[in-house]
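Chains as they are written, first to last, in numbering that gives the first Met the number 0: chain X, 0 to 509; chain U, 0 to 323.
No wet-lab data here; the hints were simulated from the structure.
Treat each hint with caution, since some may be false.
Across the chosen pairs, the derived CB separations fall in these ranges [claimed, not checked]:
(1) V314/U - T112/X: 21 to 29 Å
(2) S269/X - L146/U: 50 to 58 Å
(3) L28/U - K389/X: 36 to 44 Å
(4) L267/U - F115/X: 53 to 61 Å
(5) S26/U - K393/X: 49 to 57 Å
(6) V113/U - K389/X: 39 to 47 Å
(7) V105/U - N381/X: 28 to 36 Å
(8) L111/X - V113/U: 49 to 57 Å
(9) V314/U - S401/X: 27 to 35 Å
(10) L109/U - N381/X: 33 to 41 Å
(11) L267/U - K183/X: 38 to 46 Å
(12) E407/X - S26/U: 38 to 46 Å
(13) P298/U - N381/X: 24 to 32 Å
The beta carbon of each residue, even a glycine, is placed where N, CA and C say it ideally should be.
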Amino acid sequence: MQNKINIPPVLEIRNVSKEFSGVYALKNVSMEIFPGQVTAVIGENGAGKSTLMKIISGVYPEFEGDIFYRGEQVSFKNPKEAAEKGIVIIHQELNLIPHMSITENLFLGQELTTKFGLLDYPRMHEKAAGLLARLQLDVNPGTAVNRLRVGQQQLVEIARALLFDSKVLIMDEPTSAISDHEVKLLFRIIKELKAQNVAIVYISHKLKELFEIADRFEVLRDGAHVRSGLMEETTQDKLIGLMVGREIKNRIRKNDENLNEEILRVENLSFRNPENKTDFLVSDVSFTLRKGEVLGIAGLMGAGRSELLEAIFGLHPQLVSGSVYINNKKVKLQNVSDAVAAGIALVPEDRKLQGLILNMNVTENTSLASLKDLSSFGFINNNKEVQLGKKYIKELNTNVPSVNIEVEKLSGGNQQKVILAKWLATNPKVLLLDEPTRGIDVGAKAEIYKLIKKLAELGMGIVVVSSELPEILAVADTVLVMSESKVTAIYTREEASEEKIMRAAIAEKE
Amino acid sequence: MEPKQIKHYLIKFQSIIALMIMCIVLSFLSDRFLTGENAWNVMRQISVNVIISVGMTLVILTGGIDLSVGSILALAGAVTAGMLKFGAEFTDINLYFGFTMLGALVGGTLVGTVLGWFNGITITRFKVPPFVATLAMLTIARGLTMLWTGGFPITGLGDNMAFIGTGWFLGIPMPVWISAIIVLTAVVLTNKTILGRHIYAIGGNETAARLSGIKIKKVKVIVYSIAGALAGIGGIIVTSRLDSAQPNAGLSFELDSIAAVVIGGTSLSGGKGTIMGTVQGALIIGILNNGLVLLNVSPFWQQVIKGLVILLAVVIEKFNSKEE
Chain X
0 MQNKINIPPV
10 LEIRNVSKEF
20 SGVYALKNVS
30 MEIFPGQVTA
40 VIGENGAGKS
50 TLMKIISGVY
60 PEFEGDIFYR
70 GEQVSFKNPK
80 EAAEKGIVII
90 HQELNLIPHM
100 SITENLFLGQ
110 ELTTKFGLLD
120 YPRMHEKAAG
130 LLARLQLDVN
140 PGTAVNRLRV
150 GQQQLVEIAR
160 ALLFDSKVLI
170 MDEPTSAISD
180 HEVKLLFRII
190 KELKAQNVAI
200 VYISHKLKEL
210 FEIADRFEVL
220 RDGAHVRSGL
230 MEETTQDKLI
240 GLMVGREIKN
250 RIRKNDENLN
260 EEILRVENLS
270 FRNPENKTDF
280 LVSDVSFTLR
290 KGEVLGIAGL
300 MGAGRSELLE
310 AIFGLHPQLV
320 SGSVYINNKK
330 VKLQNVSDAV
340 AAGIALVPED
350 RKLQGLILNM
360 NVTENTSLAS
370 LKDLSSFGFI
380 NNNKEVQLGK
390 KYIKELNTNV
400 PSVNIEVEKL
410 SGGNQQKVIL
420 AKWLATNPKV
430 LLLDEPTRGI
440 DVGAKAEIYK
450 LIKKLAELGM
460 GIVVVSSELP
470 EILAVADTVL
480 VMSESKVTAI
490 YTREEASEEK
500 IMRAAIAEKE
Chain U
0 MEPKQIKHYL
10 IKFQSIIALM
20 IMCIVLSFLS
30 DRFLTGENAW
40 NVMRQISVNV
50 IISVGMTLVI
60 LTGGIDLSVG
70 SILALAGAVT
80 AGMLKFGAEF
90 TDINLYFGFT
100 MLGALVGGTL
110 VGTVLGWFNG
120 ITITRFKVPP
130 FVATLAMLTI
140 ARGLTMLWTG
150 GFPITGLGDN
160 MAFIGTGWFL
170 GIPMPVWISA
180 IIVLTAVVLT
190 NKTILGRHIY
200 AIGGNETAAR
210 LSGIKIKKVK
220 VIVYSIAGAL
230 AGIGGIIVTS
240 RLDSAQPNAG
250 LSFELDSIAA
260 VVIGGTSLSG
270 GKGTIMGTVQ
280 GALIIGILNN
290 GLVLLNVSPF
300 WQQVIKGLVI
310 LLAVVIEKFN
320 SKEE
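Throw the hints in and build the complete structure from the sequences for me.
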């Protein structure tokens, strides 16, 4: 127990586990949260931080293990119940209703009423104005929240949490969208709350600010609790070591001799944020990819990795500037069909939402991007189409009862293979893979790694975005690390290590 | 056959089974039902609904809706009749065009196509939801019809024109020929062509379709244009049959059309459904109408019964898709 002051914890988590369809997001996690302290919960993407917070705040009412709050065992049915008892969460993503006023958003679900049961606007406005003044947010509480900047909206979200008489306040990446000035304000509020004996659970990837604000840390890795301790007794490097600290699995790719000919070159690619004209989702990214090379892109969530792939794939022509060259020829990317014609393929992050037509069968999904090659005068040659479906089932070893089965009935790994088949059928020169093994089982994962290797050996240029560092290190010849929309490091396979990548991924803007 | 298989076939052919049951029951209740004359009657009556419902099916398959087909039908009919009867006169420059019948037919169809294209443009380029865009077009096209006709029917269009709606060819009524050709073309379009596949893909998952390089906007504009063109053809048939273009022709046709599509098993959220299903849906509505008239059921009750049948069809469909 590294707790110096001898006070009982306000919140005690004992052996909590949470399973999602067979996969444990949390395994036997225990930790204690003390009043009047800021506890930093840290870990990589997917370490289980958000899952744990959602369990504590009642978003996930079902889990294994026990939670004790102020000495009593509790199990909240929903976030409202938790909030009423004093456990309040400020979510990473904004939960405000855009066209409603600040006041209406603050009091949503806990509106004040007059004795006739009507909304008591004067009283609500007054309270709201008080809160806004405390946060130094100089706007009328009647303003619609969609007219505020994102940072201001984040402050409204924080104000909503302050409205409750909270004992435990959970902040999930509260500074991801706000300016330095607003960060200072937030830290001042946090100090006030500490003085009022509120326990604060603070999740952030920005390790530097944790040393400024946090008292204790709890590290999670792959769903398990790794270490807890006092911030003043640790260093940034030690924390990074705790966050990654995995044995590195055998690298699948061996050194390649003929990585010479350039196949893709990206120059000064920028992607404006559609919600905020001055902000960039991808800023000034340049890199080259050679024939047969696998480029891994690492970074934290929101670093701009998926957006970089989308920009190369021609998905946002109005927002993207910069140039893309294939085989040294500049390609005009006004829409996806331009990209496909140029030989670029993208396997997107979300299989069901972005990759598949779920009610179509395996054949129809496989042929979707290459129908032109399978038809004459606009008429599809059914024979050729079925042949194509069968060919890729065999090549990718997809496990399907028949080519006519609807893809929604397949497992995640097999669905991913169908999407890969769709793009391989277009004979791409450059294959962009966004989280290619997310949510699929170990066996299918290994097969996809093998396939990546095989395609690279056949001379394709491959870009893999992944949140799993071991995956990046296993498949990539070169590792490009992004942080806050920028490239912060490029390593060769020999140079790359989990620690180095992690450090570059949390590097902050100069 | 195992019970499970039987169930599968019952579900697969539910519309046809429903049709057969209706025919058998009606033939017991009325001796005028099962006659050749009545059969052609029903076929001719539903042909216009079949034609516009083919377009509606394509639109709904993409996940959209078209409320403007009834009004477009009226305008296209009025334009055809006007062109045929009055030609085009530009008094300022002393210019007059007369039109051949072919010219008038092409003109009417073109008017429908252009208005459908306009629907497609407002929906894809200006991001107006299909419901709203076509609701606006419903009013616009009706207003244009009133302007064109001055609120009065255009009558006396000649025998040639009347042949389209009332004539027979090889022992089959002309409207039935026309609708059959359109249905066959649409069946081929949906099953055998790239365009057809893209229509299903967009309705199934628009994001995935876009990420597969399908040109969503182009496909949608084509589909709404087809729906407009078919409404135009429907307008020509209605005008021909009555030998008159009525300013309020086609009122609430969009509802009958949506009903046929839904009864035919097409999902309103898109991506799922067939042209032949819609034809069966139109047949069910047509035979139901015909039977209720033959049985002297009051027109008020007819509406209630028709509504109940639509509900029943959708409930059965939901139930079955859960079973599967």
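Hints versus structure:
Taken as a hint, the range 21 to 29 Å is violated for the pair V314/U and T112/X, whose Cβ atoms sit roughly 41 Å apart. Hint check: S269/X to L146/U, Cβ distance near 51 Å, so the stated range 50 to 58 Å holds. Restraint check, L28/U to K389/X: a C-beta distance of roughly 53 Å breaks the suggested window 36 to 44 Å. About 42 Å separates the C-beta atoms of L267/U and F115/X, a value inconsistent with the hinted range of 53 to 61 Å.
Between S26/U and K393/X the beta carbons are some 54 Å apart, a value that agrees with the proposed interval 49 to 57 Å. Between V113/U and K389/X the beta carbons are some 44 Å apart, a value that agrees with the proposed interval 39 to 47 Å. Between V105/U and N381/X the C-beta distance comes to about 34 Å, which sits within the given range of 28 to 36 Å. Taking 49 to 57 Å as the suggested C-beta distance range, the pair L111/X and V113/U conforms, at roughly 56 Å.
Range check, V314/U to S401/X: Cβ separation about 31 Å, and the 27 to 35 Å hint holds. Take L109/U and N381/X: their Cβ atoms lie about 34 Å apart, and the range 33 to 41 Å holds. For L267/U paired with K183/X, a C-beta distance near 52 Å fails the hint of 38 to 46 Å. At roughly 43 Å, the beta-carbon separation of E407/X and S26/U lies within the given 38 to 46 Å, and the hint holds.
Under the hint 24 to 32 Å, the C-beta atoms of P298/U and N381/X, about 48 Å apart, miss the expected range.
Checked against the numbered hints given earlier, the structure breaks hints 1, 3, 4, 11, 13 and satisfies all the rest.
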